[in-house]
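Number of protein chains: 2
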Amino acid sequence: MAALPKHILNGYRVLDMTHVLAGPTATRLMVEMGAEVIKVEFPPLGDVSRALPGHRNGRSAYFTQQNRGKYSICLNAKAEEGKAILRELIAQSDVFIENFAPGVIGRLGFGWEQVQAINPNIVMCSISALGQEGELSALPGFDYIAQAYSGIMGMIGEPGGPPSFPMAGMGDVMTGVHAAAAIGFALLHRERGGAGTFLDISLLDAYTHCHELNVQIYSMTNGETMPTRSGHHHFAVCPLGLFKGKEDWICIIALQPQWPAVCRAIGRPDLVEDPRYDTNEKRCAAAQDVIDIIQAWLDGQPSDQAILDALQRERVPCAPVLTIEQLANHPHMRGRGTIRTVSDPKLGEVLMPGMPLRFKGFPHNPPLDAAALGEHNAKVLTEILGYDDARVAALGEAGVLFANPET
Amino acid sequence: MAALPKHILNGYRVLDMTHVLAGPTATRLMVEMGAEVIKVEFPPLGDVSRALPGHRNGRSAYFTQQNRGKYSICLNAKAEEGKAILRELIAQSDVFIENFAPGVIGRLGFGWEQVQAINPNIVMCSISALGQEGELSALPGFDYIAQAYSGIMGMIGEPGGPPSFPMAGMGDVMTGVHAAAAIGFALLHRERGGAGTFLDISLLDAYTHCHELNVQIYSMTNGETMPTRSGHHHFAVCPLGLFKGKEDWICIIALQPQWPAVCRAIGRPDLVEDPRYDTNEKRCAAAQDVIDIIQAWLDGQPSDQAILDALQRERVPCAPVLTIEQLANHPHMRGRGTIRTVSDPKLGEVLMPGMPLRFKGFPHNPPLDAAALGEHNAKVLTEILGYDDARVAALGEAGVLFANPET
Chain A
24 MAALPKHILN GYRVLDMTHV LAGPTATRLM VEMGAEVIKV EFPPLGDVSR
74 ALPGHRNGRS AYFTQQNRGK YSICLNAKAE EGKAILRELI AQSDVFIENF
124 APGVIGRLGF GWEQVQAINP NIVMCSISAL GQEGELSALP GFDYIAQAYS
174 GIMGMIGEPG GPPSFPMAGM GDVMTGVHAA AAIGFALLHR ERGGAGTFLD
224 ISLLDAYTHC HELNVQIYSM TNGETMPTRS GHHHFAVCPL GLFKGKEDWI
274 CIIALQPQWP AVCRAIGRPD LVEDPRYDTN EKRCAAAQDV IDIIQAWLDG
324 QPSDQAILDA LQRERVPCAP VLTIEQLANH PHMRGRGTIR TVSDPKLGEV
374 LMPGMPLRFK GFPHNPPLDA AALGEHNAKV LTEILGYDDA RVAALGEAGV
424 LFANPET
Chain B
24 MAALPKHILN GYRVLDMTHV LAGPTATRLM VEMGAEVIKV EFPPLGDVSR
74 ALPGHRNGRS AYFTQQNRGK YSICLNAKAE EGKAILRELI AQSDVFIENF
124 APGVIGRLGF GWEQVQAINP NIVMCSISAL GQEGELSALP GFDYIAQAYS
174 GIMGMIGEPG GPPSFPMAGM GDVMTGVHAA AAIGFALLHR ERGGAGTFLD
224 ISLLDAYTHC HELNVQIYSM TNGETMPTRS GHHHFAVCPL GLFKGKEDWI
274 CIIALQPQWP AVCRAIGRPD LVEDPRYDTN EKRCAAAQDV IDIIQAWLDG
324 QPSDQAILDA LQRERVPCAP VLTIEQLANH PHMRGRGTIR TVSDPKLGEV
374 LMPGMPLRFK GFPHNPPLDA AALGEHNAKV LTEILGYDDA RVAALGEAGV
424 LFANPET
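Protein chains in written order, with my numbering: chain A, 24 to 430; chain B, 24 to 430.
Chain A with its partners taken away, still in its complex shape (with noise of 0.2 Å):
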């Protein structure tokens, strides 16, 4: 296991109970700016994403990703001594974030009442879909059904079509960076003298957060307007919107200022007075129109290059549609780190997303291993707690700890 790296939050201890996606990528970045983060799983199989694609040697790309640098101990939280090991940990660490269904951690005795009698200087994070209280908290949540209920789903998609969704985990990885923010405000507010404190962060508040135009404008027109889907070109917006290019889409948008750029670019400077064309609504009113013109003017181009090049020319905002292979070798994405190669013990060399918080004057992409199950039961126990190794192994052999290494 590589060491920590030298960064900002050397000396912060995380106690992670969480699994997938929303709060593994919390204590993700937290483990990249030095935290040390003790994810707790469960045995028989750990954390579900160890499951997940694609597998080399017995480990999850998938699951290395999110958990890169933790430590993994896996205990039985249902038996006592799985309890109190937990007990001893939260009063030790500064942070314990778990993303449990609302209601189970309070059932396995660590709800924030409890967890605050143990360290009342601890934060406490939960991660839920749809929130910890309220009608909708019951449901089983995943990512898409907050996508769902915040409205951001039924925002995506051609109009008079089903809604699409992004195949990505947005709403997880949002919610993460959303809950790491959090907590750091938090450890802020306690290095400053103040106490601990619980936080409730979901799904559906980080999706519904996305609005930020349509809630509004449905609310000020008092519902005559209602914002919806609209495909591939924006309602409210020309030309904003993905153009056949010679090899595929491209993205062309223009407000107000950059429209005399875009007739230069597509050589009608004749259009930039033309009173059909010359403001936004006017634009929006004949979208089809101003469509269509510029679209014939991508059908005459030679290449996808040569139409990147005339619009870029005049300044045009404009950008290819990549595809994850093109993301994933473009030199940018590479020379800035947006795409890192991650090098691990049983996967060998995987690219992988970049950290995406960059700090000048500390370490970046630094070099991190996943763990397997359990692996670091002993380390944690004894290092952390005092157990001694005849403690560890008896918790062993009764099946209070478990552990894994072909994982």
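Because the hints were derived from the structure by calculation, they are not lab data.
None of these values were measured; they are calculated from a predicted model.
Take these hints with a grain of salt, some might be off.
One copy or any two copies: either way a pair holds, since identical chains are not told apart in the list.
Result set (DMTMM-like, lysine to aspartate or glutamate): computed pairs, CA atoms no more than 25 Å apart in a straight line [said to hold, decoys possible]:
1. K269 - E181
2. K383 - E158
3. K305 - E158
4. K29 - E214
5. K369 - E181
6. K383 - E214
7. K267 - E181
8. K106 - D392
9. K106 - D312
10. K267 - E304
11. K369 - E337
12. K106 - E214
Got chain A; can you put chain B on it based on the hints?
Coordinates of chain B only, in the frame set by chain A:
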């Protein structure tokens, strides 16, 4: 102007030279946590989001949603007296945040080296679409440009058709949360005796961060698996998708543990052990059959509510795809404050998304007013910088300061 809430960030001052969405999102979160945010705008119009819909009594609801509680000063940053004011404010601030195109802030005289020379303890955060450096950094940047480059846009939409994109500023909002998180951790470092630092936060990194699976699965399979958009049914989990209810679309999700529950809910307990469908792999291979079986059941139900009730009785993860109107008026959202009513002196009462970070024991959704352009010129210059009234008046007459109370 309402007083700042008594909250975690009391005593911190944020100098905010951001506009529109990603930057203002970060400082909105901070002002709701009690920071003093001084928003710097430029004559004659200020933040361009003041022109974004909808308006009432000269005030933009778009602007209001992102900027409540912030002081507004409006100055000419190209005039030497304007630069002097900014230098004095930098010297007295804890955080400096900007989201101009890369390079602009340096040409104004406020790049990191310059800022650090004025105040080595300040945390400076620059937000951009594609990063501060590298071949793509110079391109004009908008949310969807970064979404296209990140590979996220290509992962949304029906297969074979054009990509779709969310009609919501997800990348900007999400990036603002990344920025707030990084600022919080950088302040924590400072609070523990560290110096200031510079943060380079980009939409590209934040969007790419969301690929929990796509990049590594492409990499692990050496390109044999090419993740791609798959419309309204997931390509790798079945059933996971949208089904046509009697009134609207319904999201239904079953990982392996939920498959028997789906079979029971749709009155097909015989399918639980059916060897054609008993693993996710088999169900994905026969996805259209599985989808047709479930859809046939939905078609026979009397209402969406009956569908949801039957599924929820068996604890099948499911959700209605809410419209914005349904979201805005849902009792759970209203009760939780996921949707809140903002009361603005000019706008009146408007529904907006709530504060997604929830701290137990601290005020949530405190009342805050948006500022007219330059409303706090005198307050900021006299109370913080110690200018006298005559000097402020002279700066106004010289055109260095500007205000428009009709905003």
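Results for each hint:
no.	hint	result
1	K269 - E181	both (22 Å within a copy, 20 Å between copies)
2	K383 - E158	between (45 Å within a copy, 20 Å between copies)
3	K305 - E158	neither (44 Å within a copy, 35 Å between copies)
4	K29 - E214	both (19 Å within a copy, 17 Å between copies)
5	K369 - E181	neither (43 Å within a copy, 36 Å between copies)
6	K383 - E214	both (22 Å within a copy, 17 Å between copies)
7	K267 - E181	both (16 Å within a copy, 15 Å between copies)
8	K106 - D392	neither (27 Å within a copy, 48 Å between copies)
9	K106 - D312	neither (67 Å within a copy, 46 Å between copies)
10	K267 - E304	within (24 Å within a copy, 34 Å between copies)
11	K369 - E337	neither (49 Å within a copy, 39 Å between copies)
12	K106 - E214	neither (28 Å within a copy, 34 Å between copies)
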